[in-house]
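**Student:** Sequence:
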Amino acid sequence: MWYGRRSQLDVDRGPYESAEAALVAAARKELAYLEQFGRPLLPFQRERRGAYGYKEQSPSDHIKNLECYLLIASSLVPKNSALHHFCIRHPDLQPNNVIVSTSSDSNS
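Residues in the sequence shown are numbered consecutively from -6, following the numbering used here.
A portion of the hints provided could be inaccurate.
[Unchecked claim] Computed beta-carbon distance windows for the label pairs:
#1 PRO88 with ASP3: 34 to 42 Å
#2 ALA18 with ARG82: 17 to 25 Å
#3 SER96 with CYS61: 32 to 40 Å
#4 TYR47 with ASN90: 39 to 47 Å
#5 ASP5 with GLN50: 23 to 31 Å
#6 GLU40 with SER11: 18 to 26 Å
#7 ASN73 with PHE30: 36 to 44 Å
#8 SER53 with THR95: 49 to 57 Å
#9 ALA44 with GLY(-3): 36 to 44 Å
#10 ILE65 with GLU10: 17 to 25 Å
#11 THR95 with GLY31: 42 to 50 Å
#12 VAL91 with GLU60: 19 to 27 Å
#13 VAL4 with GLY43: 16 to 24 Å
#14 PRO88 with GLU60: 29 to 37 Å
Hints listed in this document are in silico derivations from the structure and should not be mistaken for laboratory results.
Even glycine gets a Cβ: it sits at the ideal position worked out from N, Cα and C.
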């Protein structure tokens, strides 16, 4: 997402020409964020903190994981282009949440 300090990053925000481009751009955005703003933190989920000895974890671990992800990102996209069709998802899609305007003015 592009909220908080991520809105300040100078990275590709799309639109993306392919599914792979979207996957890669998201990882590069997080890499840029970590390089600019990353700092050691405790794991977000409390139950994981014990596994790390209650010590803050360096962002370098996450950076390494993102770099590995970038190596396999192209393998995550199906080879069959018929499976690349765009689809809009909404967590609460129902008729009350769909508003269609007949006007070309987006403010009306």
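**Student:** Given the range 16 to 24 Å, decide if the beta-carbon distance of VAL4 to GLY43 lies inside it.
**Tutor:** violated, 35 Å
**Student:** Within 36 to 44 Å or not, the Cβ separation of ASN73 and PHE30?
**Tutor:** For ASN73 and PHE30 the Cβ distance comes to about 38 Å; the hint holds.
**Student:** In this structure, is the beta-carbon distance linking PRO88 and GLU60 contained in 29 to 37 Å?
**Tutor:** violated, 44 Å
**Student:** Determine whether the Cβ-Cβ distance between TYR47 and ASN90 falls within the hinted range of 39 to 47 Å.
**Tutor:** At roughly 43 Å between Cβ atoms, ASN90 and TYR47 fall inside 39 to 47 Å, so the hint holds.
**Student:** Could one say that the CB atoms of SER96 and CYS61 fall in the range 32 to 40 Å?
**Tutor:** violated, 48 Å
**Student:** Quick check on a hinted range of 18 to 26 Å for GLU40 and SER11, using CB atoms only.
**Tutor:** violated, 37 Å
**Student:** Regarding VAL91 and GLU60, is the given constraint of 19 to 27 Å on their beta-carbon distance met?
**Tutor:** Violated - the Cβ-Cβ distance for VAL91 and GLU60, about 40 Å, lies outside 19 to 27 Å.
**Student:** Holds or violated: the 17 to 25 Å window for the beta-carbon distance between ALA18 and ARG82?
**Tutor:** Between ALA18 and ARG82, where Cβ atoms are some 18 Å apart, the hint holds.
**Student:** Check the following: the C-beta atoms of ASP5 and GLN50 are separated by a distance inside 23 to 31 Å.
**Tutor:** holds, 27 Å
**Student:** Taking 34 to 42 Å as the stated bounds, is the beta-carbon spacing between PRO88 and ASP3 within them?
**Tutor:** holds, 40 Å
**Student:** So the hint says 42 to 50 Å: do the beta-carbon atoms of THR95 and GLY31 match that?
**Tutor:** Distance hint for THR95, GLY31 holds at roughly 48 Å.
**Student:** Taking the Cβ atom of SER53 and the Cβ atom of THR95, is their distance within the range 49 to 57 Å?
**Tutor:** With Cβ atoms ~53 Å apart, the hint holds.
Going through the hint list in order, the structure does not satisfy hints 3, 6, 9, 12, 13, 14.
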